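A.B. asks: Add chain A to chain R, keeping to what the hints say.
Next come the chains, spelled out residue by residue.
Protein chains: 2
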Amino acid sequence: MSTWINGRRRSLLGQGDRGLHYGDGLFETMRVRNARIRLLELHLERLYAGLQRLSIPGPPPQQLRAELQTIAAGRREGVLKLIVTRGQGPTGQRPGYRPTGTERTTRIETLYGLPSGVRDADPDTAVRVRLCRTAVGMSPALAGLKSLNRLESVLARSEWQDERIWEGLMADTEGHWLCGTMSNLFLRRDSLLTTPSIERGGVAGVMRRWVLQTAHRLQLKTREREVGWRDLANAEELFMTNAVVGIKSVRSLEGGKIPVRFEQFDTARQLRILLEAL
Amino acid sequence: MSTWINGRRRSLLGQGDRGLHYGDGLFETMRVRNARIRLLELHLERLYAGLQRLSIPGPPPQQLRAELQTIAAGRREGVLKLIVTRGQGPTGQRPGYRPTGTERTTRIETLYGLPSGVRDADPDTAVRVRLCRTAVGMSPALAGLKSLNRLESVLARSEWQDERIWEGLMADTEGHWLCGTMSNLFLRRDSLLTTPSIERGGVAGVMRRWVLQTAHRLQLKTREREVGWRDLANAEELFMTNAVVGIKSVRSLEGGKIPVRFEQFDTARQLRILLEAL
Numbered sequence: 001m002s003t004w005i006n007g008r009r010r011s012l013l014g015q016g017d018r019g020l021h022y023g024d025g026l027f028e029t030m031r032v033r034n035a036r037i038r039l040l041e042l043h044l045e046r047l048y049a050g051l052q053r054l055s056i057p058g059p060p061p062q063q064l065r066a067e068l069q070t071i072a073a074g075r076r077e078g079v080l081k082l083i084v085t086r087g088q089g090p091t092g093q094r095p096g097y098r099p100t101g102t103e104r105t106t107r108i109e110t111l112y113g114l115p116s117g118v119r120d121a122d123p124d125t126a127v128r129v130r131l132c133r134t135a136v137g138m139s140p141a142l143a144g145l146k147s148l149n150r151l152e153s154v155l156a157r158s159e160w161q162d163e164r165i166w167e168g169l170m171a172d173t174e175g176h177w178l179c180g181t182m183s184n185l186f187l188r189r190d191s192l193l194t195t196p197s198i199e200r201g202g203v204a205g206v207m208r209r210w211v212l213q214t215a216h217r218l219q220l221k222t223r224e225r226e227v228g229w230r231d232l233a234n235a236e237e238l239f240m241t242n243a244v245v246g247i248k249s250v251r252s253l254e255g256g257k258i259p260v261r262f263e264q265f266d267t268a269r270q271l272r273i274l275l276e277a278l
Numbered sequence: 001m002s003t004w005i006n007g008r009r010r011s012l013l014g015q016g017d018r019g020l021h022y023g024d025g026l027f028e029t030m031r032v033r034n035a036r037i038r039l040l041e042l043h044l045e046r047l048y049a050g051l052q053r054l055s056i057p058g059p060p061p062q063q064l065r066a067e068l069q070t071i072a073a074g075r076r077e078g079v080l081k082l083i084v085t086r087g088q089g090p091t092g093q094r095p096g097y098r099p100t101g102t103e104r105t106t107r108i109e110t111l112y113g114l115p116s117g118v119r120d121a122d123p124d125t126a127v128r129v130r131l132c133r134t135a136v137g138m139s140p141a142l143a144g145l146k147s148l149n150r151l152e153s154v155l156a157r158s159e160w161q162d163e164r165i166w167e168g169l170m171a172d173t174e175g176h177w178l179c180g181t182m183s184n185l186f187l188r189r190d191s192l193l194t195t196p197s198i199e200r201g202g203v204a205g206v207m208r209r210w211v212l213q214t215a216h217r218l219q220l221k222t223r224e225r226e227v228g229w230r231d232l233a234n235a236e237e238l239f240m241t242n243a244v245v246g247i248k249s250v251r252s253l254e255g256g257k258i259p260v261r262f263e264q265f266d267t268a269r270q271l272r273i274l275l276e277a278l
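Protein sequence lines, in the order shown, are assigned to chains R and A.
In this text, residue positions in the first sequence follow this note's numbering: the first is 1, and each later residue adds one.
In this text, residue positions in the second sequence follow this note's numbering: the first is 1, and each later residue adds one.
Keep in mind the hints are simulated off the structure, nothing from the lab.
Possibly wrong hints are sitting among the right ones.
Because identical chains share one entry, a pair is satisfied inside a single copy or across any pair of copies.
[Stated by the list, open to error] Quick list of in silico lysine to any residue cross-link-like pairs, SDA-like style, CA-CA up to 20 Å:
| # | residue 1 | residue 2 |
| --- | --- | --- |
| 1 | Lys81 | Gly96 |
| 2 | Lys81 | Ser191 |
| 3 | Lys81 | Gly14 |
| 4 | Lys81 | Gly255 |
| 5 | Lys221 | Asp162 |
| 6 | Lys221 | Val79 |
| 7 | Lys81 | Pro61 |
| 8 | Lys81 | Ile273 |
| 9 | Lys81 | Gln161 |
| 10 | Lys81 | Arg94 |
| 11 | Lys81 | Gln62 |
| 12 | Lys81 | Glu236 |
| 13 | Lys81 | Pro99 |
| 14 | Lys81 | Tyr97 |
| 15 | Lys257 | Arg128 |
| 16 | Lys81 | Arg98 |
| 17 | Lys257 | His216 |
| 18 | Lys81 | Pro115 |
| 19 | Lys257 | Gly101 |
| 20 | Lys257 | Ser11 |
| 21 | Lys257 | Ala233 |
| 22 | Lys257 | Thr105 |
| 23 | Lys81 | Thr100 |
| 24 | Lys81 | Thr91 |
| 25 | Lys81 | Gln93 |
Note that this is a predicted model, so its numbers are computed, not measured.
Looking at chain R on its own, in the form it has when it is part of the complex (with noise of 0.2 Å):
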């Protein structure tokens, strides 16, 4: 593991970070496949979507970019995490909730190793997950945004300990099924593939993005909507993404009433054949 904040070798913060005092800040995990980044101009568009709805000043692009791909060189295998917050205010002060607008922008880089569970994973192995009870909470302030607030998230993915679950799926708090822990969901039935519109909650993944744009490849159609219990148990095929593991198909939903289970996994698989095409 290898850290750079601001662009120097260091992995000491400045307690005072509005990223540590509110969640001030937005993050990117990253895929590192042969020494490069996946999907990292979706990686930056969102970045700096993100940053532009907080009014951060980012870091500029082309320098960001630049640091990234060099760090990426250092593993052929890897998840480089960027951090990056609005910073620190003026020193001696207490952050209030409102930016100064002296702050300076913090990011943070680190370069990990593949995680030993996506690096065994037979891809094409289909996975369980549960229910969660935690729900994802309405803010469409926050909406999309891959912001450092992600307490829920921790809470959801607390609640079970088995490791033969791989995810678990949340609720918004209006029932509408909206997502995973640490991923995005989709559902096929027939040639439409359906995904839960995150204009009201949850984070818009990369790896969602990717999809979208690449579903027509298969003569599938999309559409972003409300998804209810009765649409995940008559999805044909059901799976769920994100940027590190990328698409990973579900076998079985469990935690409800009846478990439902899924036999088809081609769509996931051909998705997989074009990402790994990348």
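C.D. replies: Only chain A this time, still in chain R's reference frame:
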């Protein structure tokens, strides 16, 4: 300004702390008066109730209380901010949403001077409050907690720059008026004191709790429930509370179709007298 991390005078934190990555922690902002912490027991109660909800093992309460008191003794007037995070997981590993159980809690204590706005203001002067566009997300999992997930407050407090506006009032996503960006809200009509329910969002302020406990001494009944615009417009008296500032009378609510003005300030004044006598 002086900072202690886990009992030692330092101000740098490992970047791997879950407080930064996920806002996985809580904080307390405490008023120091005459070198003592006001409402210390209420702060500790809220903190430990919150830690329990998050399954974060806190420091031993006796030790933490003594440590806070020792720090507070260093200033006659000031603000003591305590942050408690779940800490850092295994070295070299990217923190996942799920705590590993091996984390060691991080506590950060910083003693600041009293902000000039608090020090110089006449406590009896009623303030102007505006309506915020940023809504408070409905998140039952986090409702009431003073967690490090505070990005909504940052965005709401960023909506205005006019220093003459003391606070902004935030509604939840269903349009009920819930809290200020940094304070709780009270409305009085006749002898009935109402404060918004915080079951689905908002922070269980320590000063809010003290007011709810104390109101009977002024022959006031209290209730917690949803507050609509009509409740605000029909209130005879409005005030806002937080642990540092205390109890602030509101003289106008601005930013709606018509400004709402208030001319009664007696309940807040009497509560301040009781608070001063602590």
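A.B. asks: Looking back at the hints listed earlier, which ones does the structure fail to meet?
C.D. replies: 2, 4, 5, 6, 8, 9, 12, 17, 19, 20, 22
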